[in-house]
Structure formats: structure tokens, C-alpha cells
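Listed below are the residues making up each chain.
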Amino acid sequence: MRFTVEGLHRLYLFGEAKPSEIVRAALDRIENDNDRFNAYLTINREGAIKRAVAMDAAIRNEIGQRPLAGIPVAIKDNLCTEGIRTTCGSRILEDYFPPYTATAVRRLEEAGAIIVGKTNLDEFAMGSSTENSAFGPVHNPHAEEYVPGGSSGGSAVAVAAGHVPLALGSDTGGSIRQPAAFCGVVGLKPTYGRVSRYGLVAFASSLDQIGPLATNVKDVARILQVIAGHDRHDSTSANVAVANYPEALTGNIEGLRVGVPPECFAEGLDPEVREKVEAAIRQMEKRGAQIIELSLPHTKYAIAVYYIIATAEASSNLARFDGARYGFRAEETRTLSEMYRRTRELGFGAEVKRRIMLGTFVLSSGYYDAYYEKAQRVRRMLVNDFTEVFKKCDVIATPTAPTPPFKIGEKADDPLAMYLGDIYTVTMNLAGVPAISLPCGNSSEGLPIGLQLIGNHFDEARLLNAAYAFEQEERLRNKRKKTEQTEKT
Amino acid sequence: MPITQSEVEKIADLANLELTAEEKNSLSIQLAAIVEYFDQLNELDTSAVEPWKQLSAGEMITSYTTREDRVEAGLGQEKALDQAPDSDEGQFLVPRVIGG
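From first to last, the protein sequence lines are chains A and B.
Here this note's numbering is used: the first residue of the first sequence is 1, the next is one more, and so on.
Here this note's numbering is used: the first residue of the second sequence is 490, the next is one more, and so on.
One chain only, chain A, in its complex shape (with noise of 0.2 Å):
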């Protein structure tokens, strides 16, 4: 069951249901499910239902006033919930309560949404399929041996489901994008410093960001429009206009130009996912936009550049992960320097602990220069190759995945080739621009695919529609091909 923002409100507004009777629902499938996909940490239950039942009796005034009123929302378990339990993954939060409510979260509530639980990630957001959680990995629920993708899997897996409508992820090299593409479902990146991570646990800072999860672009566009903008708390978050999204939705793209780099469909690319994703961009041209091949050249490097910067970062970021004054300690340790070790020996898992490692290696002396240095040269290469691109083009289209959704445990054993499926996202953070993933089509076996949109900074507006007008083309030609069944039986 997919529910949107739009069709829920038109239930409320002719009396159809009210908020808690929506809510108790959703908790009721989000409860039955649990087992089966692991797609929550924390279900929300009584905070959940006291704040829906205190809509209802005024929820038409609400919907007026409130553009997410009454609607059930999943938050992933990096993002502070004050009073919520929020562990990021990891068995050295697993029992905190941040005292404070991340910047995004507050502004979704502001806007009437009532958050039914926290979702299930990797842990501290890393990796990219949910399976370095500690607290077992998240199922697809297209197909449940299968991976939801991460570092968002249960953020995703909550849309997908038909559990809520809307969810909130973070992406800092395709944590939202692939899980998106795994579950079939919108997700967005957007621009670096569109949305304050004020309350977003750090990964790596300079490449995160929180964004939306839903059924839809027009859903996509109104959860951005509440959570983007200036905020004081956030010295990264950027002081440009928030345009408005949802108006920006015609679904007109006569004329735009949509850049297709080669390097995107080499070698590498699952064939079923290049067939997929040729045809949408096909779609997009069927629909007005002019295709032009425009190259990515430093593409290959992308995920090497990604790789030192994010574990350089990240490593500077969980320092703070001591035992010192929140989360887990390790007991009976004689020292602070004792007491330090073994909390984060014990509290961290093996990824999390690999990242520290090749970070801490490539920002230590002797080394500094030959790999961060050298990455950060790289990584300009990189935002160029963006900024030329973006002199002849206003939106690019490329796979979000090389492949399909793979099954769990399958690449357990090997870090690097689970890293090397980042390849068409990890570019997007390095250059801080706009990315969305969106649904467009299945593999043989049944397994979802995604077609990537990337836009040019702060264009979230133009990257939105040429999404609206892709989705607005597949539903057009899924009519089309039910009709052609139908017709024939």
C-alpha cells in the first residue's frame, strides 16, 4: 500500500478518517512487519498516537494551516530526537537520548507531522547496504533475502512498505539516492547546505546531508520546502531563498537539456540497469528534453577521492565516541587512556572501526600529503568536471546503482567491492550538488531499479521537475501497458 501526503489529506478534509485512526494503522503495520524486514529501532508508539489524537478534533483547520498535518513520518536513527532514543546504528548509543531535536525533525513537526519511529541504518551511516547495523541487517521487501540497500535501508524500507509516506534519510556518498533505487521509491540528495544537519550525528561533514523519502516527487518536493533554509545552528547551512517547490512541479521540460556522460554507462554497469535506464532517458526525450552526451572525465577516481575524504573526516568526527559523557563505557578500565580504548573497541562495529582506521592513516604524518592532500586536489577536479558540465546542460541523467538490489551477505567478505557500488553517487556529495533517485522499472528477477537526476547547486527547483516530468511519463506508459494487457485477456 503507497499512500501520498495529498491523498491522506483529502481523507482527513471529507471526514474519511481522522489522524490517530491513520496513525494506529500505520504503528499496527510498522509492529506486524518488524520481524520480517528490521526496518525500526524504536517505534514511537505513545508519543506517536497522544500527538495524532490531539489533531484530530481540529484537523481540517490544521491541513489549512500545516502543510504535513497529521502525517505519519519515519526518521532515520542518526538524527536527534529529543526524549526518542536515537543510537545511529551502534552499540555505543544504544541507549542514549539526545537532549535535543535535530533542526530538520523540529521543522517537520512544526509543519504537523507526527514521527512513528526510528529507522534502521548502518551503522553511523556507513556502508551501503544496512547490514553493518548492530542491530541486524534491514530487508528489501520487494524480495527479503535481498538488501534494501543502506546506509538509509529502513528509512526507505518504511516508504516502501506502506508504512508512512514519508521519511527522512541522510546521504554523504548515495545514503539516501540507492537505498531509494534498491526499494523502489523517490529519495533526494540536496544541494550541500540546503537542509541545516543540525542534529544529524557527523559522518562526514562536509559531504552530509538529510533528505527526504517518499512515494513521489510532488511528496519529495513538499518535505523539502518545510525542511530547507538558513538555520543559525548550522554554520554550514546556507543563507539562499528557498524557492518553492511544489509550484515548481509542471511537468514541462520542453527543451531541457539533459547531459548523459558516457563514463556512467561503461564497463561495470549491470545490463538490465543500463537497459533500464537508456529507456527512461529515452522517456525524457519522448517528452521534449534534448539528450547530449557530456563527459565526466575524473569519474573513476571518484570513489578512491570519496573514500580518503570520508573516513579522513569521519575519523575526526567519532572521536568524540569515548565514554565520557553519553553512550556506552567499557567497565572496570583502570586509565581514561584504558577507559577510551576499549569502550570504542567494544561499541564500534568492524566497518565503522575499518573507516576510523583509513582515516585516522590517511590524515596521519608522512601520509597526509600523498592521500588527503592529494585527494582534496582531486576532489576540485571533480566539482570542475561539474561546473563545465553545467555550462552546456541543466540536469544530467545517469543509474544510481550499478546493479541491482544484491542479497545479503553476498558482499560480506569484501570491503572494497562493496564501496566500488558508490560509483555513480559518491560525486554528488564531493561536488555538494543537488541528486534524485527515482524508480523506473525492475531487473528480470523482480528488483528495483533507479535513474539518477542530478541538478546544479541550489536548482532543486529545476531538478524537481525534470523528476515530475519523468514520473508523470512512466505512469502515463504503465497506464498504457495495463490497458494493452487488459485488452488482450
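Treat the hints as calculated values from the structure; they're not laboratory data.
Mixed in with the good hints there might be a few duds.
[To be verified] Quick partial rundown of chain B residues pointing at chain A, CB under 8 Å, derived from the structure: (1) Leu503; (2) Ala504; (3) Leu516.
[As the list claims (entries may be wrong)] Think about it this way: if two alpha-carbon atoms lie no more than 30 Å apart in a straight line, the pair counts; the simulated DSSO-like pairs of lysine-lysine are: (4) B:Lys513 - A:Lys392; (5) B:Lys513 - A:Lys411; (6) A:Lys286 - A:Lys18; (7) A:Lys407 - B:Lys513; (8) A:Lys391 - B:Lys542; (9) B:Lys499 - A:Lys411.
No experiment lies behind these values; they were computed from the predicted model shown.
Even for Gly, the Cβ is constructed at its ideal location relative to N, Cα and C.
The hints should help you fit chain B onto chain A, whose structure is shown.
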């Protein structure tokens, strides 16, 4: 480029991780493989390129914002200590810092 056990130990030291012997072993192999992958960046001549540095809100716009120098309420001692594994008299308690 192989990464020796002693290098792994040095990094673990810097990272404040008390790794097991098994972890040190597997990490030295995994890190070596990953760092070797990183070495492909040497294919690129970056002598004429400045390293990317972050200004405010990315380099695309300079939107330094400052606020009035006005004192605002902080978290408060009670909230700040609320999640502490061990605290007393308004302080975080930890094992001995010096010696031992």
C-alpha cells in the same frame, strides 16, 4: 603497499582503539588492499590544482552569516549530565587521568 603490523598498531594508537590480534591481522590486509586502490590517484597530475577547501556553505557561495554578540541559554548542566555514564557534583566522572 603493504601495511605492517606495527603501522596498524600506530594507527590504532592514534585512533584510540584497543584492537584484538585478529583485528590487527585482518585490518593490515584489508587496509593494504584499499590503500593500493587509493594509489591510482597518482595517475593524475594535480600540480596545477589547489586542494578543495570548504568555506561557508560550500565554495559556491560565500554566505558567512554572523549573529549578534548576545548571550543565549545553553544546554544547562542538568541536561548536559543526563546521559553521563558516571557523574557527581555537576561533573563527569572518569577513571584516573594521570599515572597507572
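Status of each hint after checking the structure:
no.: 1; hint: Leu503; result: holds (5 Å)
no.: 2; hint: Ala504; result: holds (4 Å)
no.: 3; hint: Leu516; result: holds (6 Å)
no.: 4; hint: B:Lys513 - A:Lys392; result: violated (49 Å)
no.: 5; hint: B:Lys513 - A:Lys411; result: holds (21 Å)
no.: 6; hint: A:Lys286 - A:Lys18; result: violated (42 Å)
no.: 7; hint: A:Lys407 - B:Lys513; result: holds (28 Å)
no.: 8; hint: A:Lys391 - B:Lys542; result: holds (23 Å)
no.: 9; hint: B:Lys499 - A:Lys411; result: holds (29 Å)
Checked against the numbered hints given earlier, this structure breaks hints 4, 6; the rest are met.
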